[in-house]
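Asks: For reference, the chains in residue letters:
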Amino acid sequence: MASGAHDLDAHLQLRTDDRSLTGTLRVGPKVPAEHIDSEVFCVFLESRGVNRRKIDEEAMRAFVEEVRAGPGAEHAAIVVRGTEPRDGAKRNLDWSPQIARDIERINARKEALAEENEKGKKRPASDDEEPTNFYEQSAFIIVDAGQVLATVSPPDPGEDGEDIFGNTVPAKKSPAPAEIDPETIELTNDNKLIALARGRLVYSGVDRRIERTLRIAGDVGFETGNIDFPGPVEIEGGVRDRFVVRARGMITVRKLVEASTIESRRDIVLERGAACREAGRLIAGHTLRAGYLESADAECGQDCIVRHEITNCRVNARGMVKIPTGAIRGGTVVASRGIEASVLGSVQEPRTELLVGALGELEELIRQARTHIVETRSIIDPLVTRQKMLNSAKPGKLTAEQIESQMALDFEISEGHRRITALEEAIARLENNLRESISPVLKAGQCIHVGVVLWLPGCKATFRNELKGESTIKLDRRNKPVVDHRGETHPLSKFASVESDPRILSLPPLPGSQEADAADGQGMAA
Amino acid sequence: MRIMLIDDSKTMRNIQKSVLKQLGYTEIEEACDGQDALSKVGAFQPELCLVDWNMPNMDGLSFVKAFRQQNKTTPLIMVTTEAEKSRVIEAIKAGVNNYVVKPFTPDLLSERITETLAKCGVKA
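Chain order of the listed sequences is A and B.
In terms of this note's numbering, the first sequence is residues -18 to 507.
In terms of this note's numbering, the second sequence is residues -16 to 107.
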């Protein structure tokens, strides 16, 4: 049989598909008639390694009849069939109820916004008319690390197939429900998707991941809703009126911030600036940097650094306010560690209030402690008078009630003194803290205009003359305001009306400086 | 250490409490007379009592006698204006361990407490 098979080599040919799951037998036109037989063909196929079990006997019989019926022609037919593998079914992803609700909400929001835009309404006219609150509803899903995002159907291994030669054709395993970023999302053994990071969930398309930084390609506005993000936020556009951006990380805004609220526990960088029309708030846990600030209300845990101009703003910085080549015009600027600007005020003389060396919270604590001391003294002073009177009266034997009431008096007085001592110690510590936390210095590069009012600890100076050129205003060792101007130090009263003012708490001079003052006094007397 | 102050005057209790706090004692219970004290000693289990003599309802001496029937060891200090020798002896016979005469200074009270605790072998 084997030699017979060889004889047929010239007339028969086996062709397979790329996975060898089907075998096509081709018969040449000159095949001898006696060889046109199922068994002969099967033997040929076996000689080519085909597994006998895979030969489709029905197809083979039909093929033999076809060849016999058409002698002298070429014939071909599939006569061998392997077993197709069954690949694992695709894994389904079911979002957790919370995420599913968020997705539904975001889709509804998108539809509502599209409808609004169609109507030509750019913003809701009133709450009655507009059921979707485009401000409050965010367009993003924010997740926490460890949060269960979804459950995924278990993987299906499928069933392996067999080719015509009897070899295994492996089944493909279930594909993942989508591309999952293993850095930020884990698919656990119990088929759950768990967030590995806190941030924005990217859930559409084929990609599932969590972005630790929220990047917004355009403006924060009706498309995005308000933002409240646990990490840094980068906004390529601006922030529209009345919208809120809150973040635990740094907030960067490339374009204009309108009358909106920007709040970060770290830095805020406004590359262009903010024009808040007296309605916006900027709150930076650390430093606020901006191109310019106009009609804004800004709070900074550290410095406020502006490139061009601070106009008509209320700024409160626990560090410095620096605008070395720009101007501060109008408004109120408070800086614990001093102000540095090129120009202060303007020729139009708008009232520009500057407070340097102020640190409200600490000052308030010291003021409260001082008030408590005064109150305690007002209570114990009459008691001390009474005690003195009783002591000087020297009565005979005291009754039990008299003894106890005298003890109570002594106790009240000693408690009062103890409280005063504790308060005085607390004040001393607070004053030291305050001294270390402030720097009451104002540096002007070019000019201080008339209309500028400057507060330093314990005093207020209203500029009645323009002060041109580089100048540094500070307190001398006796807490008197002086100005370094053109290489000389002058009393500030030469340029401004100076009066004592309690708006910024005045600290007592340090003991060392008092001695120096005394020495100065002696020198002067001599 | 658990200390009970028994005095009808809140001011006196405050004075004693202030001294005790300065000495580092913070577990303090107050009673306004002997009866009130007897009703509280079971639950509070004091390790030292400072007792005034003259109080309404049940005076200090009666309290000491009643207390000593059930408790022989807890140190008792009589804090009182009764300075006569016979009264002191009467109190000691009733079972007090030490005696502080009003008016006292914080230092004197502190000294008496330390002295009494040492004498009775109680760890402060």
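To be clear, the hints were calculated from the coordinates, so they are not data collected in a lab.
Since the structure is predicted, the reported quantities are computational estimates derived from the model, not experimental observations.
Virtual Cβ for every residue (Gly too), placed ideally from N, Cα, C.
Mixed in with the good hints there might be a few duds.
Below, a list of computed lysine-lysine pairs in the PhoX-like style, where the Cα atoms sit at most 25 Å apart [claimed, not checked]:
1. A/K475 to A/K441
2. A/K378 to B/K85
3. A/K71 to A/K153
4. B/K85 to A/K369
5. A/K378 to B/K68
6. B/K48 to B/K85
7. A/K424 to A/K461
8. B/K4 to B/K68
9. A/K461 to A/K475
10. B/K0 to B/K85
11. B/K102 to B/K4
12. B/K23 to A/K378
Label-pair distances were calculated between CB atoms; the ranges are [claimed, not checked]:
13. A/V365 to B/D19: 32 to 38 Å
14. B/K23 to A/L364: 30 to 36 Å
15. A/M370 to B/I72: 54 to 60 Å
16. A/T380 to B/S69: 15 to 21 Å
17. B/G25 to A/V129: 50 to 56 Å
18. B/K23 to A/A126: 49 to 55 Å
19. B/V71 to A/A409: 46 to 52 Å
Asks: Would you check the hint for A/K424 and A/K461, treating anything up to 25 Å between C-alpha atoms as holding?
Replies: At roughly 17 Å apart (the allowed maximum being 25 Å), A/K461 and A/K424 satisfy the hint.
Asks: Are B/K23 and A/L364 spaced within 30 to 36 Å by their CB atoms?
Replies: At roughly 33 Å between Cβ atoms, A/L364 and B/K23 fall inside 30 to 36 Å, so the hint holds.
Asks: Does the alpha-carbon distance linking B/K23 and A/K378 stay inside the 25 Å limit?
Replies: violated, 35 Å
Asks: Sort out whether A/K475 lies within 25 Å of A/K461, counting only the CA atoms.
Replies: Given pair A/K461, A/K475 holds - Cα atoms ~13 Å apart, limit 25 Å.
Asks: For the hint 46 to 52 Å, verify it against the beta carbon of B/V71 and that of A/A409.
Replies: holds, 47 Å
Asks: Sort out whether B/K85 lies within 25 Å of A/K378, counting only the CA atoms.
Replies: At roughly 13 Å apart (the allowed maximum being 25 Å), B/K85 and A/K378 satisfy the hint.
Asks: Against the 25 Å threshold, does the CA-CA distance of A/K475 and A/K441 hold or violate the hint?
Replies: holds, 14 Å
Asks: Going straight from one Cα to the other, do A/K378 and B/K68 come out at no more than 25 Å?
Replies: holds, 16 Å
Asks: So the hint says 15 to 21 Å: do the beta-carbon atoms of A/T380 and B/S69 match that?
Replies: holds, 19 Å
Asks: Against the range 49 to 55 Å, how does the distance between the Cβ atoms of B/K23 and A/A126 compare: consistent or not?
Replies: holds, 53 Å
Asks: Mind checking the alpha carbons of B/K85 and A/K369 for me, to see if they're no more than 25 Å apart?
Replies: holds, 19 Å
Asks: Mind checking the alpha carbons of B/K102 and B/K4 for me, to see if they're no more than 25 Å apart?
Replies: Holds - the C-alpha atoms of B/K4 and B/K102 are around 22 Å apart, at most 25 Å.
Hints 8, 12, 15 from the earlier list are contradicted by this structure; the remaining hints agree with it.
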